[in-house]
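Protein chains in written order, with numbering that gives the first Met the number 0: chain A, 0 to 467; chain B, 0 to 117.
If you are wondering where the hints come from, they were derived from the structure by calculation, not from laboratory data.
There may be inaccurate statements among the hints.
Stated by the list, open to error - Simulated restraints on C-beta separations:
#1 A:Gln-214 <-> B:Ser-49: 26 to 32 Å
#2 A:Leu-227 <-> B:Leu-101: 21 to 27 Å
#3 B:Ser-104 <-> A:Val-298: 40 to 46 Å
#4 B:Thr-54 <-> A:Arg-122: 46 to 52 Å
#5 A:Ser-313 <-> B:Asp-85: 54 to 60 Å
#6 B:Glu-37 <-> A:Asn-51: 51 to 57 Å
#7 A:Ser-338 <-> B:Glu-37: 26 to 32 Å
#8 B:Thr-72 <-> A:Arg-378: 31 to 37 Å
#9 A:Arg-220 <-> B:Thr-54: 39 to 45 Å
#10 A:Asp-450 <-> B:Ala-52: 41 to 47 Å
#11 B:Leu-35 <-> A:Arg-378: 40 to 46 Å
Every residue, glycine too, gets a C-beta built ideally from N, C-alpha and C.
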Amino acid sequence: MTEPDPAPERPASQPRAQRPMPQPPAQRPMPRQPAQRPASQPGPPRPSAETNEAVERAYRDAYGSVLATLIRFLGGDFDAAEEALADVFATALETWPRDGIPASPAAWLTTAARNRALDAIRRDRRQADKLAALQQELTVTEVASMQLGTEGGLEDDRLRLIFTCCHPALPLDARVALTLRTLGGLTTPEIARAFLVPEATLAQRLVRAKRKIRQARIPYRVPRAEELPERLDSVLATLYLVFNEGYLASAGATAVRHELCTEAIRLAAIVADLLPDRPETHGLLALLLLQDSRREARVGADGSIALLEEQDRSRWDRAEIARGLAALDRGFAAAARLSHASVGRYLLQASIAAEHARTLDGRSTDWRAIATLYEALARIDPSPIVELNRAVAIAQADGPAAGLGLLDGLAARGQLDGYHLLPAARADLLRRLGRLPEAAAEYQRALALSDNDAERRFLQRRLAETRS
Amino acid sequence: MRYMLLIYSEEAQPDAASGDPPEIPPAWLEYTEWLLKEGYHSAGEQLAGSSSATTVRVRDGNRLVTDGPYTETKEVLGGYYIVDCDNLDEALEAAARCPGALYGSIEVRPIVGMAMPG
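Here chain B stands alone, though its shape is the one from the complex (with noise of 0.2 Å):
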């Protein structure tokens, strides 16, 4: 079974010159090693700065393009990884190692498989 975790929390501080978000902790890397060996890790990734986010919506056929991000939240999405786990108890098992947890808060979802066209 997959489940996303979902990583929020308040925004590091970009970098003032680049605009790029500050370097990855090697805590990161590390733990993104626990879960290839433990054979959790189907995907994950670092998301940009909130401040990058353009968020679509489509009224009545119209097409509205605002800057920024859906909520108006302290916490923001700031990455995600998708593991595979038996059932939930390891999910949330593998979300209380993730080095966010201890700043900010991950949200554990199952993802529903989706079938896929073609």
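One chain only, chain A, in its complex shape (with noise of 0.2 Å):
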């Protein structure tokens, strides 16, 4: 059985910044004209480019919470709270024009898509009931809860947005998308797009997943402290695929793609804003921020991956560098205010980060530090990869022999058969120690295992020396 999915979205075809501005469908009346009009504005007001840009900024800035809030007011009903919400900016666009740009647009947005799903609750009668609950809570609530100056209240709905989208309950790829189409306000197809896949497929997902929250009654609120820790991994995990996604595709529409990273990176922000006190919420961001500040040395100009101690330093960005070793200062710090145990995955990976991003020429790196990090991060997070990872900073540090054995222990126990990273770093190694024949080998090996082409092309220019 399928279902369309009923929210309207605003039309995007373009990166975030220079996106057409939602149009107001044809069939909307005009808005009413004033009782009089300076001469010199003859006809409809005209959409200007100042109040374009208002409207634009309104929802870079203010959609996830905005319909946040909605979601709440209408009792967890995430359709007709996005259906409203795209109908407000429609009509911002008519009246902003002629009445002036809001003080406050978000409390503008949110009052005028309250109305107007109220408004769609009373059309249909076989609401009726609904629309009586929702006036009974509205006496109760309304005062303290809609009133839209008050930010504490906007903060606890975006909060109880982003638990609810990313709630375990629903599958990863559903919790990521109903998180970047609500929260982050991407359409559809610029999710679509970017996962690559059939929009269809995308819009199913979201249907399923807003399906479920209704069906199983999945609740629209914070979880309770004693849940958090469970329920706040789950998040950050979300986050983290989001941003990887961005990051690690070579393939497809980059500038596309590349908005996954900005999008994760603007929500891992909001999430540390909104819960301060949770050391991992700042390293995640943390973790971010300092990958995302190696984007542009990362692919050379052919479109291969370079390697970090291969990358020109200079082309790292300081200010996202500066921006992350302030997060994680903010992580370490709240740890210190919790328990040891409080230092996780995303402290200890953004450390790690951290240690590379300090260092400009790459020679000076502490790589005993990484090593040892990488251990932390192995008592944490027992998996291979990260064993893998830590051979390689223990070959930096003691020497490729010392590596060597790391990764030969790895590759007999034969946890890492198929992954392409563990021959590739075994060539790298056998390649310092001149063993250029298994060099190649190896190589070739992990080069039938990749099927990423920035990679490959990399391997592949490996190979070429390991044999000239």
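If you follow the hints, you should be able to join the two separate chains into one complex; please do so.
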């Protein structure tokens, strides 16, 4: 059984910054004319660059939080909230040029969308009961929570939305899609393009997720303190996946995919702002910023991935590094206020990224510190991939032979069979030890296992070097 | 909102002589008491072993009766509770406290209200 996605979306086919404004549907009645119109402005008001920009800015800054409030107001009805909000953005394009830009665009949008949603419910007689229930609730809660100046209320709503979208009862791909659609305000076509899936697939994913929220009654609330660790893990993992999808991708429209990185960083910053006493929120933000700072230097002119040691570090984004290091400090400060066990995988991974970010020349990298951080990471997350990275760090600190021993152990355990980075790492150490024929064989094994074009170009380049 | 907690696990070996399932450990009784105390408990039953199951299908008007449970998986449905909770998070909390969650798995399914005849 299939359902159409009933939520209208703002049209978009360009990167966010230059995206066209949402257009009012053709059948929408023209706004009422003011009784008196200055002679110099005949005809209906025309959107000016200024008001267009104001609506666009409101979309960028407020879409997620206004939607979050609306969903709560509508008792968890995502579709009705999205529909009402899309409507009022179109209305804003008509009325802001005439009436001026509201002092608080978010408050204006919330009030207008709430009224729009109530009108829609009134029109639908079948929902009469729902209206009665909502009005009942209105009298009790409206003054307290729909007052729009109260930032606390809006922030709580945004947290509710984040935790609902990232509920572990939803499949990971649905969490990702829902988070980007509702909190990020990305359109279904945009998300589909970024994840290289057909639009219909992505739309289905969203419909199913919203249906499960409704049918299983996933609550629209912030988890209680004792649930928070598990639930926050799910939120952070979702955002990290969004980032990696944009960061690791080499194929497809790279500009669209980089939007995923930007969006993940923006959302991670919001989560860190909303939950400042949870160390890992800062850890994730720091990790994303520090990784993203290398993006420009990471891909060579020929499209191949440049390894850390080969990157032109002058192309690293110093401003992003500074923001990342500041987030890292906030994370460790928050961890110090809690227990020692509160330093988790994101703070540790960010610390590793920070070790690299702090050394501009690359030669003074403290590989000993990095190996120790990987060791700590392995205690939390005992995965063979962490072991692989630790082996590489030890090779840098103690020489290729020491690293190769660890890699041989990993290869013998067979856990990374089929993973191209193991033969790639062995090849690199063998090359540095001057064992070129063995290195060439390992590069070939890695090539046979990799399906990433940029990585394959890198491996082919190295393979050619071992043979020259 | 009512949810069914379907309790799946590998089956305990039935008593060799009688074929009866082994006695219910006290943890289950404590759990049922907790559900009652919280006001969650709506129903709950242990099922006899899967070796006692019979499966019926009707295809083209023909009744097909076969021995055993429908699926051939290691984990079988051993029992269920129906709980009345405000939302999924409450139901998940109730499921997590179920003794079966420690060695098997609990599937949590919302119950769709069905109009009863008469």
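Hint check results:
Between Gln-214 (chain A) and Ser-49 (chain B), the C-beta spacing of about 29 Å keeps the proposed range 26 to 32 Å intact. In this structure the supplied range 21 to 27 Å holds for Leu-227 (chain A) paired with Leu-101 (chain B), their Cβ-Cβ distance being about 23 Å. Taken as a hint, the range 40 to 46 Å holds for the pair Ser-104 (chain B) and Val-298 (chain A), whose Cβ atoms sit roughly 44 Å apart. The hint said 46 to 52 Å for the Cβ distance between Thr-54 (chain B) and Arg-122 (chain A), and at roughly 49 Å that hint holds.
A beta carbon spacing of about 57 Å between Ser-313 (chain A) and Asp-85 (chain B) agrees with the range 54 to 60 Å that was offered as a hint. Between Glu-37 (chain B) and Asn-51 (chain A) the beta carbon distance is about 54 Å. The supplied range of 51 to 57 Å therefore holds. At roughly 30 Å, the beta carbons of Ser-338 (chain A) and Glu-37 (chain B) sit within the given window of 26 to 32 Å. The given range of 31 to 37 Å is respected by Thr-72 (chain B) and Arg-378 (chain A), whose C-beta atoms sit roughly 35 Å from each other.
Distance hint check for Arg-220 (chain A) and Thr-54 (chain B): the Cβ-Cβ separation is about 41 Å, which falls inside the suggested range of 39 to 45 Å. Remark: the range hint 41 to 47 Å for Asp-450 (chain A) to Ala-52 (chain B) is upheld by a beta-carbon distance near 45 Å. For Leu-35 (chain B) paired with Arg-378 (chain A), a C-beta distance near 42 Å keeps the hint of 40 to 46 Å intact.
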